[in-house]
Structures are given as structure tokens and as C-alpha cells.
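Residue numbers (the numbering used here), protein chains in the order written: chain A, 3 to 171; chain B, -14 to 221.
These aren't lab readings, by the way, just hints derived from the structure by calculation.
Worth double-checking, as some hints may not be accurate.
Said to hold, decoys possible - In silico BS3-like cross-links for lysine-lysine, where the CA-CA straight-line distance does not exceed 25 angstroms: (1) Lys220(B) to Lys5(B); (2) Lys129(A) to Lys45(B); (3) Lys(-3)(B) to Lys129(A).
Unchecked claim - Anything over 12 angstroms on all C-beta distances counts as not near chain B; from chain A, calculated: (4) Glu50; (5) Leu54; (6) Gly97; (7) Leu148; (8) Asp156.
All C-beta atoms in this analysis are idealised placements derived from N, C-alpha and C, irrespective of residue type, glycine included.
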Amino acid sequence: MGTTLREIVYDIGGGIQGGGQFKAAQTGGPSGGCIPTEHLDVKMDYEELMKLGSIMGSGGLIVMDENSDMVDVARFFMEFCVDESCGKCVPCRVGTKMMHDLLQKVCENKATQLDIERLEELAVYVKECSLCGLGGSAPNPLLSTLRHFRHEYDTRVQTVIKSENLVHQ
Amino acid sequence: MMALVTIYIDDKKIIANSEKTILEVARENNIEILTMCHLKGLTDVGACRLCMVELEGSPKLFSACTTKVAENMIVTTNSERIKRYQRITTELFFAERNHICAVCVSNGACELQNLGYKVGMEAIRYPHLFPQCDVDTSHPLYVMDQNRCISCSRCIRACAEVEGAYNWDMMGRGYQIRVISDFNTPWGESTTCTSCGKCLQACPTGALWAKSIVQGQQDKHPEFITDLMERRKMKL
Ligand code: SF4
Ligand code: SF4
Ligand code: SF4
Ligand code: FES
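Next comes chain A alone, as it looks inside the complex (with noise of 0.2 angstroms):
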């Protein structure tokens, strides 16, 4: 408690394989969240991991360098949870689902901006309407990686708009 990441992972773990860059680590299993670069040196305690938008949870830790897609990431852990529900509660019976065959569009450059809102609105909707915990952690993977990695998303979205245009000239 309260060793840095940083720690973790250079000290620790001996840095990253293979030599590359450290990009984000997921921490508490496919409920939590993960925490990019700049918060390298964030106190691993319950507190400082939950202003990031991530837990403690089964204290799971996965390092990723500069090669992972991060909505990738996201689209894997929802694929976990999906299979986890256990189908009683709307949201998490069809909202994960939704939720993770918009990322799988996501992943193939096949979304719009739309697709990206819908995640968004779903995300807070499975999070806060879920029965029990399993719903209510699912988005967590999703939600953090919009908020850190924006941009992976935001780019997926332009090449559709750009082949699109490609299309149609």
C-alpha cells in the first residue's frame, strides 16, 4: 500500500519486456480501470486509484507497453464481463452486450461519432442501473479508457469518416 506504480513496475517488476514503453496498467481485474503514463507515480491505495477511475479490487495488476490498441483492451475485458452476467438485470444482460459489440465496431474502424456517444451514455447507464456489483464494475474498463486514451477512439472514428469519403468521390 502506497508504493507508486512506478515502483512496481521499474523496481520491482524489472521494467517492461522486451525494452519497450510502459503505456497503461490495469489494476483491479476486468472491473477496474487502467492509469496512463502521467500518473506513473500515483500511491497504489484505494483512495488515490479511485480518482483515476480505477479500484484496488482483486489487486490484478496488467502492464501494457506502447503496442496495445486500448479500445482493444476495453472490448476484452466487456467480452469477460458479457460472459460473466448472469442475464437477470436488463442492464447488464443487454446493455454489456451493446456495449461490447459497439467496441468490436470500434475495433474494425466501422463506427461513427454516434457509436461512440452511445458507449458513453451506456456506460454510465449499465454502471448506475446494474443489480449487483458485476454490472456495475463492467463499464469500468470502458470508461477509463475514454477518459485517458480519447484519442484511440476518436481516431477510429475519423478513418471511418475519411474511407467513407473515399468512397463516395
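Mind docking chain B with the ligands on chain A? Use the hints.
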């Protein structure tokens, strides 16, 4: 222990019995809260999340059908946030399976369709999942069409709690859950169903319907379930 408490729902001051839920108290006082999985007389499960309300002092939302009233509770049922969430829940219901009202037995007398009108749903902004769903026509009198099912479990509870037959159950998990008869066998081969029709009356959509009716003619009477339970309580 029963006690009287003072609560405020949308600025209306109400003296209420502490054994009751926010939903019961609201309805007794003519304050509308939208519901889908709730059916008076059956145990509440808090599954559809349509009845979410805000409670002052808490950032969380609460399902009105499963939350009991408490002293000095300040409830908001009609904020912009609540209305937005009701619309999303409704759209997710429609997007989850297959609801082509024009060819549905319940067209014109469907709780889900009415809900769409009530929340002012103009379009479904989410991709339809259109899963592969079965239609079970094996029962001599009734049909179960998974395409129209919203997994509210009202049929399951009506069959178990009112009829006592326990024919229905839920199978699977996540978006792949399905209502099943007995051990996922055809309804017509059920060893528990008494063919009483209560599940059909309890069902809010065109998922359960009678073979004797034609398209658009299936009006339902969920109040039968409520009345039965009221009379049972009074030992009439
Ligand atoms: S069940 Fe209701 S909403 Fe669904 S298709 Fe039938 S009438 Fe429409
Ligand atoms: S008809 Fe009656 S006994 Fe048969 S499944 Fe429906 S509620 Fe149960
Ligand atoms: S069959 Fe009807 S009552 Fe049963 S879960 Fe589906 S929609 Fe609800
Ligand atoms: S009516 Fe309250 S959760 Fe469905």
C-alpha cells in the same frame, strides 16, 4: 415491525406504512412509476431496472419495487436522468430479441409496446441482437415464442407462486438466458403444467399466447393474478 413514516415523493408529502415499498406507496398516491418485471401479487425481483428512482443523499439509484420506504426518505421519480434511463431500458428490451409489432399476437395490447409509447421512444439506437430463438408450439392450447420474451420472469413466478406448478424456469446466463419448460423439454410434454393459463395472463408481451386467438387479438389480464392473490389473502 410496522411503523408509520413520513416520506416525500416528487415533493409530495406522504405518511406511509414502513412495510411497503416505494412503488406501492407511489401507486397508492397516484404517482406513476414505470415497471415491467413487477406484477402485484408476485414476489418482486428487481430485474428490469425500469423503476429506478433517486433518493436524496445517495449517488446510487434504487429500484422502487424492491426498496422499502423509510423515515424522511426523499424520492425523485421524474428527473431527466431517470427519464433517460427509462428510455434506454426500453430500447434495450426492443433491441434484445425480435419485436415486429405488426405481425405480433399482442399488437395493440402489449405492455412493452405501451412502454415504448410512454417513454416516447422514436428509434432504437442500439444494434439489434436478433438471436436465434425457438418457438414452442407443442402445448395443445398455448404457444411460447422466445422472440418476444423479455426475460422478466413473471410467467415463472405466476406458475410457481400462484398455480404452484413450477413448470417454468430460467436456463443459461447473460444475454443467452432462456425461459424453459420443465428441464428444457417441449411445453406439450410437461409433467407439471396444469394448462391453467396463468403464465399467459402474467406475461407482459406476445411471448406467451393462446392458439385460439389470431394476430393482434391477444389481450392479457395480469390483474387476474393480482386479484387471485388478494382473494387468497382474504380467504374468500
Ligand atoms: S411483444 Fe409487444 S412489443 Fe414485442 S412485437 Fe409483440 S406487440 Fe410488439
Ligand atoms: S399454464 Fe399454468 S401450469 Fe402451465 S406453465 Fe402456465 S402457469 Fe404453469
Ligand atoms: S415469457 Fe413473458 S412473462 Fe415469461 S419471462 Fe418472457 S416476457 Fe416475461
Ligand atoms: S419493476 Fe422494479 S426492477 Fe422491474
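Taking the hints in turn, this is what the structure says about them:
1. Lys220(B) to Lys5(B): holds, 22 angstroms
2. Lys129(A) to Lys45(B): Holds, at about 10 angstroms.
3. Lys(-3)(B) to Lys129(A): violated, 29 angstroms
4. Glu50: holds, 20 angstroms
5. Leu54: holds, 18 angstroms
6. Gly97: violated, 6 angstroms
7. Leu148: holds, 18 angstroms
8. Asp156: Holds: least Cβ distance 20 angstroms, greater than 12 angstroms.
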